[in-house]
Every structure is written in C-alpha cells, then in structure tokens.
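Number of protein chains: 2
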Amino acid sequence: MNARQVVVYDGEFPMHRGGTLLNPTFAYETWGALNAARDNTIIIFTGLSPSAHAASSPKDPTPGWWEDMIGPHKPIDTHRYFVICVNSLGSCFGSTGPASMDPRTNEIYRLNFPVLSLEDVASAGREVLRHLDIEHLYAVIGPSMGGMTSLAFEVMYPGMSERLVLMSTGPRSMPFSMALRSLQREMIRRDPDFKDGNYPPHHVPLAGMRMARKLGMITYRSAEEWRLRFGRERTPTDQAGGDPFGLVFEVESYLEHHAKKFTGQFDPNCYLYLSRASDLFDIAEHGATVEAGLAHVQAEKILIIGVKTDFLFPIYQQQELADGLTKAGRQVEYVALDSLQGHDSFLVDMDSYRPIVSKFFS
Amino acid sequence: MNARQVVVYDGEFPMHRGGTLLNPTFAYETWGALNAARDNTIIIFTGLSPSAHAASSPKDPTPGWWEDMIGPHKPIDTHRYFVICVNSLGSCFGSTGPASMDPRTNEIYRLNFPVLSLEDVASAGREVLRHLDIEHLYAVIGPSMGGMTSLAFEVMYPGMSERLVLMSTGPRSMPFSMALRSLQREMIRRDPDFKDGNYPPHHVPLAGMRMARKLGMITYRSAEEWRLRFGRERTPTDQAGGDPFGLVFEVESYLEHHAKKFTGQFDPNCYLYLSRASDLFDIAEHGATVEAGLAHVQAEKILIIGVKTDFLFPIYQQQELADGLTKAGRQVEYVALDSLQGHDSFLVDMDSYRPIVSKFFS
Numbered sequence: 001m002n003a004r005q006v007v008v009y010d011g012e013f014p015m016h017r018g019g020t021l022l023n024p025t026f027a028y029e030t031w032g033a034l035n036a037a038r039d040n041t042i043i044i045f046t047g048l049s050p051s052a053h054a055a056s057s058p059k060d061p062t063p064g065w066w067e068d069m070i071g072p073h074k075p076i077d078t079h080r081y082f083v084i085c086v087n088s089l090g091s092c093f094g095s096t097g098p099a100s101m102d103p104r105t106n107e108i109y110r111l112n113f114p115v116l117s118l119e120d121v122a123s124a125g126r127e128v129l130r131h132l133d134i135e136h137l138y139a140v141i142g143p144s145m146g147g148m149t150s151l152a153f154e155v156m157y158p159g160m161s162e163r164l165v166l167m168s169t170g171p172r173s174m175p176f177s178m179a180l181r182s183l184q185r186e187m188i189r190r191d192p193d194f195k196d197g198n199y200p201p202h203h204v205p206l207a208g209m210r211m212a213r214k215l216g217m218i219t220y221r222s223a224e225e226w227r228l229r230f231g232r233e234r235t236p237t238d239q240a241g242g243d244p245f246g247l248v249f250e251v252e253s254y255l256e257h258h259a260k261k262f263t264g265q266f267d268p269n270c271y272l273y274l275s276r277a278s279d280l281f282d283i284a285e286h287g288a289t290v291e292a293g294l295a296h297v298q299a300e301k302i303l304i305i306g307v308k309t310d311f312l313f314p315i316y317q318q319q320e321l322a323d324g325l326t327k328a329g330r331q332v333e334y335v336a337l338d339s340l341q342g343h344d345s346f347l348v349d350m351d352s353y354r355p356i357v358s359k360f361f362s
Numbered sequence: 001m002n003a004r005q006v007v008v009y010d011g012e013f014p015m016h017r018g019g020t021l022l023n024p025t026f027a028y029e030t031w032g033a034l035n036a037a038r039d040n041t042i043i044i045f046t047g048l049s050p051s052a053h054a055a056s057s058p059k060d061p062t063p064g065w066w067e068d069m070i071g072p073h074k075p076i077d078t079h080r081y082f083v084i085c086v087n088s089l090g091s092c093f094g095s096t097g098p099a100s101m102d103p104r105t106n107e108i109y110r111l112n113f114p115v116l117s118l119e120d121v122a123s124a125g126r127e128v129l130r131h132l133d134i135e136h137l138y139a140v141i142g143p144s145m146g147g148m149t150s151l152a153f154e155v156m157y158p159g160m161s162e163r164l165v166l167m168s169t170g171p172r173s174m175p176f177s178m179a180l181r182s183l184q185r186e187m188i189r190r191d192p193d194f195k196d197g198n199y200p201p202h203h204v205p206l207a208g209m210r211m212a213r214k215l216g217m218i219t220y221r222s223a224e225e226w227r228l229r230f231g232r233e234r235t236p237t238d239q240a241g242g243d244p245f246g247l248v249f250e251v252e253s254y255l256e257h258h259a260k261k262f263t264g265q266f267d268p269n270c271y272l273y274l275s276r277a278s279d280l281f282d283i284a285e286h287g288a289t290v291e292a293g294l295a296h297v298q299a300e301k302i303l304i305i306g307v308k309t310d311f312l313f314p315i316y317q318q319q320e321l322a323d324g325l326t327k328a329g330r331q332v333e334y335v336a337l338d339s340l341q342g343h344d345s346f347l348v349d350m351d352s353y354r355p356i357v358s359k360f361f362s
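Which chain is which? The protein sequence lines are R and X, in order.
What the first sequence shows, in my numbering, is residues 1 to 362, in sequence order.
What the second sequence shows, in my numbering, is residues 1 to 362, in sequence order.
Derived by calculation from the structure, the hints in this document are not laboratory data.
Some hints could be false.
It does not matter which identical chain is meant; a pair holds if it fits inside one copy or across any two.
As the list claims (entries may be wrong) - The list that follows gives simulated cross-link-like pairs (lysine to aspartate or glutamate, EDC-like), each with its CA atoms no further than 16 Å apart:
hint, residue 1, residue 2
1, K301, E333
2, K301, E162
3, K195, D243
All figures in this text were calculated on a predicted structure; none of them were measured in a lab.
When you get a sec, could you build the whole thing from the sequences and use the hints?
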C-alpha cells in the first residue's frame, strides 16, 4: 500500500531559470490532521535522494527515512501537527522529473527537462499547500539540500511560516561540494550505458551510478567514524578472486554492498538534475549578498543544527546561517554537534537530534 | 637532457608479498656530492605520482617537483648534502613497473606484475644506496606515500640513518583514504578503454584516469582553500555549449584543465599498483601493533610535519607518529601546520615548510 498523494498542476508551471512544465505532478505524504485554525502544518523538504515517505502510517506501514523523528509523541509530533513531506520536483518518486513523460511530446523528458532550481522545488511545495488550502505554516524543515529548498521557500513566500528548522545545510553551495557533485555527475555521464541520457529503463548506467553513490557515501560520513567502524579489517572471505584490485578491505566491501542497494532505485537523469540544482543554489541571488538574501527570511524562530564532521556543508556554513539570520532580527537557536557521522548525522545520530527538535517544537 | 641515472639489479629481486622481478631497474637523480666520510647523504622517497626529478641540475635545468626545497643554500642544501631522490619501484619514470617489459616473457607486465608493497619501494632505494656504496645516511625524507616508504625503510634497515623527516603521512592507511583510493581505482578499471589492463599505449583509459585525478585533486587540497580561491565564480565563457551538465563553475573548469594535464603522463596500471600499495601499508605488520612497529625506528632525530586541513592523512595520524616515536625513545620535533592547502601543502605552502626543514638540517 502506498500513502503517496499527488497534486496535478493545471497548466504551465513556470520554472525559475526559464521554461515551463505542462501539468506537472507533485507527490507528497501527510501524517496527523490539520486543525480547525489550519495553522498546525509542518512541511518537510528532503535531501537529494529520499521520497516523500518520511515515516510510516496506517496506509503505508513500512518505515520512512525519518521514522525516528516523525510520529505520535515523537519530536515532530503527529498528534499535534499536520506533517507534510514533499517529493522534490525533479525527483522520481511520484513528482514530475526527467524520468516523467512530457505531455507535450509524449516522450520522457530526459535531458530535455528544463534547468531545475531549488526554487522550483519550493514552488512545487507551495502548490501542494495551496491544494490543501493551507496559507499558514507552523514550520518549514529542511535537512541538507532540503535546507536550501527551505531557504528558497522562506524568501519566496515570506511570512508564511512561524518557524524554520535548517539541518546540515548552507546559504549556498561552495566549491568543495560542487566539485564532488560535478565528479559524481561525470561518473554517470561517462558510463557508456548513459547514452547521453537516453538509456532504456532496464539498462541504466549502473556502474556510473554506483561509483557516484560510493563517492556520496564517502563524503556523507566522516573519516573518524570509518576509522572506528572498519579500521583496516579485511573481508572475511577474499572476494577478490584473483583480481589484483578486487575487494580486500571491509570498507571496500561495505561501499560495494550499499552502492548496489541504492542504484536500483534512483533514475540517473533525475540524480543529475537534482545534483546540479544543489550547485546552483545561492541565497545571494535573492539579494546582493548572502546577508541580504537571509534578511528576507521572516520565520520568527529558527533552529539551525550543524555537525562538525560534515564535509559537504561544513560547520562554518551553519555559523554563517546563524549569524546572518540573527543579524536579520530572527530568534536563532544554533547547535553545533560533535556527531561522528558527518553529513548523514541527521539520519542516524538520532539520540543527538531528537531532544533538540523535541524541545524546539514543545 | 635528462639527469636520470639507473641501477640494474642483477638477478631476481624478491618482492615483499611474494614473487620476484628479474633484473629490475631503479631510477634516481642526485644533487650535490658525497663527502669523503660518505655520511652526508639524504635520500628522498616520493609521493605516488612524482618522478625522481625533485629539483633542477646542470644536466636537467627544468624545475623539479620540490624545486623550492632542494638546491644550494636551500633547506635541503646541496652544498652540504648529497641528495638522492628515487623513482618508486612500480612507477613509470625509469623504475621498473607494470608498464615495463618483463624479460622473462618479453611482454609488458601489466596486471601480471606481482603485488607491490611500499617495503619493495624501500628495498629498491636500499639497492640504489648499495650501488653507490653508501652504508650510512644523514637523513631519510618522505612526504605522503613517501613517508610510509620511509617508515618501511627505517624498520627494514634500522640504524642506517641519523635522521628522519615525515610529512603528511601516517603509520598506516586508514579506511577513509582507502575508500577514496579504491574508488579512484574503480574509475580507471571501469573505463571501457582499460580492457583489463591490456590497453594499447596510444589508447589508455583517459576518462577514468582523469576522473581519478579529479578525485585526487579534490582530496589533496582543502574546502577552505577552494572557497577562497574559486568561491562560486563562473567560467568566463560558457563552456557548457548546450550540454546541461557541462562546465559552468570555475572549480569544474580548473579540475578539468589539471586532470587533462596529468593524465598524459602516468601509466594507469602503475597508478593502480602504487595506489593499492598505499592501502596495504601498515607499520603494525612490523610488530604486533603500530607502537611496536614504530619502536623499530632507530633514527635519532625525527621531524614530523602535518597539516590540520589534510583529509588523506589527518592530523591525528601525525600525532600518532609523534607519540609512538617519542615513546620509542626517539627525539621528535612535531609541527602541526594551519596551511590551507590540505594534503598538498608540502608542495605549495613553501613559506611554512622552508624554515622548519632549514632549521632541522642546520
């Protein structure tokens, strides 16, 4: 059973950097109930890869990607709040993206999809709210790429939300993470099976996707965690099988196993578009500077959580957000965590995150 | 003109992890002159990619990879010391490696080259010294992979050297850098032009090599340096040319340019062997533990320089070396630098390195 709901946009949906989508679909899931005042909604924008299935529900009891965070009496308490998680526009889990059919051509968009921006992902979220007749939000929450989407939402629809939660994100992408993402895209695009984006559905550029995922996994965690977790352990049986460069160390075997698991699910073209959308985001485009951009954010209370071992959105970017938003007159709570799990901490170090989020919402 | 000299080993050169090489060649360059006591030699083991051409000389006036460090009145003063730099066994700049002809088969070794260890690279250095009739060293110097080779040399030939300089290295490879190297190898091996190592010399797996080099460049420097250097600058002319995922940002263009420059020079099979040799190195194999391994080092005075922004050999590994060698009774000077240039600092932040090395050798 699937808890996914969809809004079909009526007409031409304008894209931030030009072009339109005809009648696009925006997928989402919800938990809890809207109150009579229609002001208890929390909307969640996701990182690059998750679907809208952030938590289980009667309609779909499978665990969601943020199962520990969302539910009755959990930090994002579905007894009190109406929680919406949106599958990003451009993704491939129900929302329109490069893997969808373009109704104007009756062909899959592929690389004819217009340039995707996180502003478009935010607009799609706004359409979901309009469809549900919600004009006021209790909070917007965004981890990672979703944090940048949340910032876009805040500057595009100022005053809609009382609160804002940003996790492991930044006011814009910086060259280290852009270089990593550029290389991930290159791995996919150089896979002979990519065929300039025209791969058949049953023959996607798997090798490129797996390597891109491995690089993601390497940079989503931290060197220190891996030191403690794998050390220099060898694989129990020699999986190399005569190959002088086969898998020998546990850490290699771990990457291979998890990369294989991931890459059956995510459409390569969608990955490319969302990856580039992350690179393109810069709050300074909504003002002359980062500070001027952040000054448009009107949420009264803001929680910022960063992790000191994060490679992709380093801790100084969390500080930059906290400083800019404080200067703009917002009430900011800034937490810098020592979690070992790097960028992924918000997904795994729940013992650190639960109490902070609970307190912010209580 | 080439300043390269070679030693041809007479007979079967035994490899640390099994197998032998028949009549291998060890390439090296020298600067300065051996004194009458034959005790003023400094031997340098290199990182993964450099040749033995560490500095210019009358025979080869082109600048070397450590030009600022080696020469008359420079920190490694060729008026005082006889300096030898060895091209690593397994490399492709004069020393025997996977790109060399196997005299037993009259075919290029390729993946039939035996497993390469840094212990073998150290042994080859020992053979160069034997050939030059040098039984006593003033110092052994090794940055990066060369630091691990230097440690191997120290434990295999204890007491030969008075001093030891280790830069941006560690007592063994840890899973974060091993994962990165494993992925670099995969990029090369999955390039269709790799052909299981049997690529023709004019058609090497260039795309894979370039991606591996890009990942190297990303991890050799630091996020902070790139932030200051590139920010979010775009390329002056749009190099994308209609390609939705072409080069847009300066950082992408920089990587592309430098990766292209590198990959004409280095043989892919040699790269794979040296990369794996780095993974395999563990001083604990020369004792039950890292500490026991380090206890075999007998150089009296040791200089250890590390950089706080180094991803590949993080600063804690420098501390681990300093602690272990101090505990073993060695006289250790440990410097932790704030250089922005990450792992590559020893090649570029010369204003920080010169005075430290000068002082150690004066």
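Task: Hints that the structure is at odds with (numbers, increasing) - done: Failing hints: none at all.
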